[in-house]
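Asker: Can you make the complete structure from the sequences, with help from the hints?
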Amino acid sequence: MKAAILVSMDSGKLSTITDEVKKIQGVKEAFAVAGRADIVAIVDSKDLKDIANVSLKIFGIGGVSACETLVEVPM
Numbered sequence: 001m002k003a004a005i006l007v008s009m010d011s012g013k014l015s016t017i018t019d020e021v022k023k024i025q026g027v028k029e030a031f032a033v034a035g036r037a038d039i040v041a042i043v044d045s046k047d048l049k050d051i052a053n054v055s056l057k058i059f060g061i062g063g064v065s066a067c068e069t070l071v072e073v074p075m
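Position 20 of the sequence shown, counting from 1, maps to 20 under our numbering, and the rest follow consecutively.
FYI, nobody ran anything at the bench for these hints, they're computed from the structure.
These numbers come from a predicted model, not from an experiment.
Fair warning: there could be bad hints in the mix.
Using 30 Å as the maximum straight-line C-alpha spacing, the simulated BS3-like pairs for lysine-lysine come out as follows [to be verified]:
#, residue 1, residue 2
1, Lys-28, Lys-2
2, Lys-28, Lys-57
3, Lys-57, Lys-13
4, Lys-23, Lys-13
5, Lys-46, Lys-22
6, Lys-13, Lys-2
7, Lys-13, Lys-49
8, Lys-2, Lys-22
Answerer: Next comes the structure, spelled out in structure tokens:
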């Protein structure tokens with residue numbers, strides 16, 4: 001199961017927070033973006049519970065103000 005987590009921050013530590021997100025187990029890729037979010041984290045996990053745990057870990061990083069999780073819809 002795949003997901004994209006949109007991360008918004010309230011501080012100016014973009015590279016530091018991006019590096020912290022990359023260290024979280026389950027995050028396959030994380031990068032800064034321009035737009036409504038500051039960082040996108042790509043997650044590949046076995047189930048929705050694991051994706052939720054990754055989202056909570058990201059939200060727990062100092063300076064993160066919001067997370068929006070977009071879950072893959074199997075077709």
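Asker: Decide, hint by hint, whether the structure agrees.
Answerer: Taking the hints in turn, this is what the structure says about them:
1. Lys-28 <-> Lys-2: holds, 10 Å
2. Lys-28 <-> Lys-57: holds, 15 Å
3. Lys-57 <-> Lys-13: Holds, at roughly 17 Å.
4. Lys-23 <-> Lys-13: Within the cut-off at roughly 16 Å; holds.
5. Lys-46 <-> Lys-22: Roughly 18 Å separates the two Cα atoms, so the pair holds.
6. Lys-13 <-> Lys-2: holds, 27 Å
7. Lys-13 <-> Lys-49: holds, 28 Å
8. Lys-2 <-> Lys-22: The hint holds at about 16 Å.
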